[in-house]
Amino acid sequence: MNTPVDVLKTADLFTGLTQEQIATITALGERHTYHKHDLIICAGEWDDAFYIVLSGQVEVISEEAQGTPTLVVLGAGQGFGEMAVLDAGPRSATIRCISERAEVFAIAGRRLLQLCRRESDIGQQLMYNLARDLAFKLRHRNLALQSPEEGVSR
Amino acid sequence: MIYKISYVIIGGRHPGAIVNQDHMPYIGEKVQIGELWYAVQEIKDLLPPQRNFAYLHVTCQPTKPPAKQN
Chain U
167 MNTPVDVLKT
177 ADLFTGLTQE
187 QIATITALGE
197 RHTYHKHDLI
207 ICAGEWDDAF
217 YIVLSGQVEV
227 ISEEAQGTPT
237 LVVLGAGQGF
247 GEMAVLDAGP
257 RSATIRCISE
267 RAEVFAIAGR
277 RLLQLCRRES
287 DIGQQLMYNL
297 ARDLAFKLRH
307 RNLALQSPEE
317 GVSR
Chain H
784 MIYKISYVII
794 GGRHPGAIVN
804 QDHMPYIGEK
814 VQIGELWYAV
824 QEIKDLLPPQ
834 RNFAYLHVTC
844 QPTKPPAKQN
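If you read the sequences in order, they're chains U and H.
Numbering (the numbering used here) for the first sequence: 167 to 320.
Numbering (the numbering used here) for the second sequence: 784 to 853.
Please note: incorrect hints may appear among the correct ones.
Just a few of them, taken from the derived set where beta-carbon distance is under 10 angstroms, the chain H residues facing chain U [stated by the list, open to error]:
hint : residue
1    : Lys787
2    : Ser789
3    : Tyr790
4    : Ile793
5    : Arg796
6    : Pro798
7    : Asn803
8    : Asp805
9    : Pro808
10   : Tyr809
11   : Ile826
12   : Leu829
13   : Asn835
14   : Tyr838
Since the hints were made in silico from the structure, they are not lab data.
Even glycine gets a Cβ: it sits at the ideal position worked out from N, Cα and C.
Construct all of the structure, not just a fragment, from the sequences and the given hints.
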């Protein structure tokens, strides 16, 4: 079985960090397994854990979204929960497991921020990576909203 | 190289997916998002590569699941 460090090396949220630095982050968290339809995060709750998908798929749901409530599906290597880490607000969306099984790595946001303050090299790179990841999610959302209508292929 | 992919589904009813994978997608490849399957129609660079990551925009259409292998 891959260790979290192995998988986290393939997540761009941790690009630019050394293996030792990734191991330092990994030591702050733990692996959780979810099954289909399990809720990982509930919108409105107050919790600051940050998650990385190690395997499987989860969907991001907002009942306030126009059209379909699912905002995006996230697969291996993707992070979620970063908003509550950054702004200490309530969860803005619900996250649900949609694959038969999904493994995620969870880190308490408070501990992650403490590490970022203590180890400024890690903190600067991680915050830059989080900003890039949020920008990528916005680009994806814009592309999905612009997607043209078309029929079913065979 | 790790490929960070924005999978966008033609039709606009599905929000698509973001996935990191270790292989370059190819036209016609079938990918599973949730319970449904999609065929890759088009692949474009979305952002310049950085370190060992490539950032791609992949357009897909709904398709049938791949035939089960014996």
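Outcome of the hint check:
no.: 1; hint: Lys787; in the structure: holds (6 angstroms)
no.: 2; hint: Ser789; in the structure: holds (4 angstroms)
no.: 3; hint: Tyr790; in the structure: holds (8 angstroms)
no.: 4; hint: Ile793; in the structure: holds (4 angstroms)
no.: 5; hint: Arg796; in the structure: holds (6 angstroms)
no.: 6; hint: Pro798; in the structure: holds (5 angstroms)
no.: 7; hint: Asn803; in the structure: holds (3 angstroms)
no.: 8; hint: Asp805; in the structure: holds (7 angstroms)
no.: 9; hint: Pro808; in the structure: violated (13 angstroms)
no.: 10; hint: Tyr809; in the structure: violated (15 angstroms)
no.: 11; hint: Ile826; in the structure: violated (13 angstroms)
no.: 12; hint: Leu829; in the structure: holds (7 angstroms)
no.: 13; hint: Asn835; in the structure: holds (7 angstroms)
no.: 14; hint: Tyr838; in the structure: holds (7 angstroms)
Violated hints, listed in ascending order, are 9, 10 and 11; each of the other numbered hints is respected by the structure.
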